[in-house]
Amino acid sequence: MNIQDIVVSSRIRFARNVNNLPFPHVLKGNEAKLQEFLNTVQSVCASKFDGDLYTVNAMTVGGEISEGADDYVLNMLVENHLISPALGRSKLGGAIISKDKTISVMFNEEDHLREQCILEGFRLREAYERLLEVDMALHDRLDIAFKKGLGHLTACPTNLGAGMRASVMMFLPALDLVGDLRRIIKKYAGEDVTIRGVYGENTEAKGFMYQISNQAAIGRSEDMIIAKMESVVKELCMLEEQARRAIWDRKGVDIEDQIMRAYGALLFARVLGSDEFMINIANVKLGVGYGLLKLDIPSINRLIPKVLPYTLSVKAGKKLSPRERDIMRAKIVREALIACKTK
Amino acid sequence: MLCGLCKMRPVEAIIKTDEGSASLCAACFQRYRMLKATGEIEGLSDYFYMYDEFNPISAFIARSAQMACPSCGTTLSKLKNDFKFGCAKCYDFFSDKADEYFEELGGQEYKGRYAGYENKKRPGRRLSEMTADDLPFLMKKLQEARDNQELSRADAIDRRIRQLKGGKQ
Ligand SMILES: [Zn+2]
Ligand SMILES: [Zn+2]
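Which chain is which? The protein sequence lines are A and B, in order. Be aware that the first sequence starts at 1, since it is given in my numbering, and climbs by one per residue. Be aware that the second sequence starts at 1, since it is given in my numbering, and climbs by one per residue.
No wet-lab data here; the hints were simulated from the structure. Even for Gly, the Cβ is constructed at its ideal location relative to N, Cα and C. Be careful, since some hints might not be right.
[Stated by the list, open to error] Heads up, incomplete: computed chain A residues facing chain B, CB under 8 Å, no partners named:
#1 Ala145
#2 Pro157
#3 Glu230
Model the full structure from these sequences, guided by the hints.
Following this line, the structure appears as structure tokens:
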């Protein structure tokens, strides 16, 4: 099995602040200084990547993520992990997002800056090196808050030090099904690594997607954090593989039946709910892992965010009703699955 | 010797003024400087009066909980409640609290890529910026990475070394 089939994406995030401007949660007034800060951030970003500016106030009514009419752009960005849910509650907040959606620089979230780079597959170090380029340019032009020993100064002291979080999104269906995950989560918690479900954490239907991140690590260097995450991800891949073999040995034909039915449902559905899609696409990916289906996994991974509820609304250019979304989703999924067949 | 004001931490600075002198710990000294700079106190006697050692202990605690960072207005009680500093200067103003959190979080100094940035020193150059002149340095870094089991870093350095040896930039 290929590690790139289990690891969906890799993300690096930096938390940064500037001197002489109160942190966002107490930031009132200071308009001139704030504007100067934002102008510099925009000009640095423009010199490093081709991006678009989004501001929370222009995206929402009242700066709250709600079921309102005009907020689907904001929710789409949250759905796609391009901004955090917390940013939506910051009236002064916004983000500059690269056109290829790999780099996002949020401003006035919990810290003045939250920069991130997301890449497909298992490419933590590459994401780090790319983001560092933007980050160093920001350090050159802004008066970044930093103190010897403590490292980067952040609103919440748990982010002190490198101010860095590395996360990897993984597809772990077998570990989840054999029930090993709870034990594994506990083991890694002791090593400052957290594992949590993505897309419907507490619901029945889920896509078996998990986000693995480093926890606060004040004295750790960026290299140490990445090295630790890499070793955890490799270990999880190995465990996932073992679990997949164990499941196959116990009930191969039932698994095959479940996978093929899921594939059929996605190929022939005309109305496809979000939960139904998630559980079926997870089975299809598992089918590719077992060699039962010949489909391109990265293409499937790219399909998943495209049919999330708000992303569909943005594509349609208007807020869609759940039923309209389900119909649109069925069509997109059908066409994508046919297109991503491999020999 | 202990700080003449909080009587908790060792003396790190001695202030001499017309009103007399005081031996203070780093935190109390830092706070003195900031309050004086913003004009909230005129001098040492004002500062000691703020602490008011003749009042009951509870009054002292209440007063110090209301002491606010002159830059952003964050008070000690708000900091403790929200577990959030209000600005970069809070880390000086509440440096005793910052030290306490630092210890709770493991107490290890940051020695990463940006070490030295307090002097606005740029972090180390990127691998792609290294030239053939840097080969001896890169070989040393490669060994370090291997010794520390930082395998992907070692791979990246190794790749750059091979590129440079192959004459490609
Ligand atoms: Zn003292
Ligand atoms: Zn402050």
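Status of the hints after comparison with the structure:
1. Ala145: holds, 4 Å
2. Pro157: holds, 4 Å
3. Glu230: holds, 6 Å
The structure is consistent with each of the numbered hints, conforming to all of them.
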